[in-house]
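2 protein chains.
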Amino acid sequence: MKKLIIVFTFLLFFIVGCGKQNSETTNEAEEENMDHSEPIFPKGEKGSSEYFTGNAYNYGLVSIDSVYTTLVGNVYFEPGARSNWHTHPGGQILIITDGEGYHQIEGEPIQVMKRGDVVKCPPNTKHWHGASPESSLQQMYIVPNTEKGIVNWMEPVTDEVYTNVN
Amino acid sequence: MKKLIIVFTFLLFFIVGCGKQNSETTNEAEEENMDHSEPIFPKGEKGSSEYFTGNAYNYGLVSIDSVYTTLVGNVYFEPGARSNWHTHPGGQILIITDGEGYHQIEGEPIQVMKRGDVVKCPPNTKHWHGASPESSLQQMYIVPNTEKGIVNWMEPVTDEVYTNVN
Numbered sequence: 001m002k003k004l005i006i007v008f009t010f011l012l013f014f015i016v017g018c019g020k021q022n023s024e025t026t027n028e029a030e031e032e033n034m035d036h037s038e039p040i041f042p043k044g045e046k047g048s049s050e051y052f053t054g055n056a057y058n059y060g061l062v063s064i065d066s067v068y069t070t071l072v073g074n075v076y077f078e079p080g081a082r083s084n085w086h087t088h089p090g091g092q093i094l095i096i097t098d099g100e101g102y103h104q105i106e107g108e109p110i111q112v113m114k115r116g117d118v119v120k121c122p123p124n125t126k127h128w129h130g131a132s133p134e135s136s137l138q139q140m141y142i143v144p145n146t147e148k149g150i151v152n153w154m155e156p157v158t159d160e161v162y163t164n165v166n
Numbered sequence: 001m002k003k004l005i006i007v008f009t010f011l012l013f014f015i016v017g018c019g020k021q022n023s024e025t026t027n028e029a030e031e032e033n034m035d036h037s038e039p040i041f042p043k044g045e046k047g048s049s050e051y052f053t054g055n056a057y058n059y060g061l062v063s064i065d066s067v068y069t070t071l072v073g074n075v076y077f078e079p080g081a082r083s084n085w086h087t088h089p090g091g092q093i094l095i096i097t098d099g100e101g102y103h104q105i106e107g108e109p110i111q112v113m114k115r116g117d118v119v120k121c122p123p124n125t126k127h128w129h130g131a132s133p134e135s136s137l138q139q140m141y142i143v144p145n146t147e148k149g150i151v152n153w154m155e156p157v158t159d160e161v162y163t164n165v166n
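One line per chain: the protein sequences are L and G, in this order.
Numbering of the first sequence is given in UniProt numbering, commencing with residue 1 and proceeding in unit increments.
Numbering of the second sequence is given in UniProt numbering, commencing with residue 1 and proceeding in unit increments.
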């Protein structure tokens, strides 16, 4: 039952973003102030303030099914925006396609992520990710082994944690 | 034994490309003549003429392991370059980040792929992919469920098949 609730919450968040696939970049996305170039994907749907601090937008690329068992999407974080702390039962792979951001696994220092970087977070490991204060971030995510679950959301990342970059 | 040979052949092809992760775009990559912008990832290692027609370069992003069971990488196809026909036991997801290319599942028409497109090929389904004749292609690939296998290479794509675009 708990698993069902998690999957349903997740689907609610991504269902609109997954509706428009294989399309060209929209005019709206082209008008965004990006660091390097025009965005690859449309901006997507704004993430709930229940799970994000600041403005983060999700665009679904591959939805959940039993064949590929892999969820893929793109998140555009505005400067200063970040996810809450959370875990993924099957782990997560992040691929940065533009801008600069932060990733932190609980108990470890903040890791700075830049265009071209690949970051992995192991299964059931508490982490958060988002843009740096001065730059936006274009971040693709891959959640493998979706039969194990997708995401378990936790508390927001405080300003104290977010600004503790060495 | 057959599975071992397939995995070994695959590892030989990707081992150099996987060696350099989380790095910035190289000068060599920046000098490439791209369609939209500077490449996100380094150019990578040239694919064997045993498996590719023309010049295709692979850069590994996530290598095979038992935790994520997901292989991720980027292929840069020069104009006219394409893979041989092949299958993936766990299927494949392609994400186009720049340029224009072709994807064809056996028995179906050629599908034109552009920046921002997402294309899926089901498990054990014969297909090929590559750049169009006039444009290069930057193509990320995701191979899920790698415990089922990675790739089974087959015959080259003839010019007759490659040029049969409606």
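It should be emphasised that the hints constitute simulated quantities derived from the structure, not laboratory data.
Honestly, I wouldn't trust all of these hints.
[Claimed, not checked] Okay, derived cross-link-like pairs now, SDA-like style, lysine to any residue, Cα gap no bigger than 25 Å in a straight line:
| hint | chain 1 | residue 1 | chain 2 | residue 2 |
| --- | --- | --- | --- | --- |
| 1 | L | Lys148 | G | Pro89 |
| 2 | G | Lys126 | L | Leu94 |
| 3 | G | Lys114 | L | Leu94 |
[Said to hold, decoys possible] Take a look, some chain L residues computed to stay more than 10 Å from chain G by CB distance:
| hint | residue |
| --- | --- |
| 4 | Glu38 |
| 5 | Lys43 |
| 6 | Ser48 |
| 7 | Gly54 |
| 8 | Asn55 |
| 9 | Tyr68 |
| 10 | Thr69 |
| 11 | Thr70 |
| 12 | Glu106 |
| 13 | Lys120 |
| 14 | Pro122 |
| 15 | Lys126 |
| 16 | Pro133 |
| 17 | Thr158 |
[What the hints assert, rightly or not] One side of the interface only, derived from the structure: several residues of chain G facing chain L at Cβ under 7 Å:
| hint | residue |
| --- | --- |
| 18 | Phe41 |
| 19 | Val112 |
| 20 | Gly116 |
| 21 | Val118 |
Glycine included, every Cβ here is placed at the ideal spot set by N, Cα and C.
Now the hints, each set against the structure:
| no. | hint | in the structure |
| --- | --- | --- |
| 1 | Lys148/L to Pro89/G | holds (21 Å) |
| 2 | Lys126/G to Leu94/L | violated (29 Å) |
| 3 | Lys114/G to Leu94/L | holds (22 Å) |
| 4 | Glu38 | violated (7 Å) |
| 5 | Lys43 | holds (12 Å) |
| 6 | Ser48 | holds (24 Å) |
| 7 | Gly54 | holds (24 Å) |
| 8 | Asn55 | holds (21 Å) |
| 9 | Tyr68 | violated (5 Å) |
| 10 | Thr69 | violated (6 Å) |
| 11 | Thr70 | violated (4 Å) |
| 12 | Glu106 | holds (18 Å) |
| 13 | Lys120 | violated (7 Å) |
| 14 | Pro122 | violated (6 Å) |
| 15 | Lys126 | holds (16 Å) |
| 16 | Pro133 | holds (21 Å) |
| 17 | Thr158 | holds (27 Å) |
| 18 | Phe41 | holds (6 Å) |
| 19 | Val112 | violated (11 Å) |
| 20 | Gly116 | holds (5 Å) |
| 21 | Val118 | holds (5 Å) |
Against the hints set out earlier in the document, violations occur for numbers 2, 4, 9, 10, 11, 13, 14 and 19.
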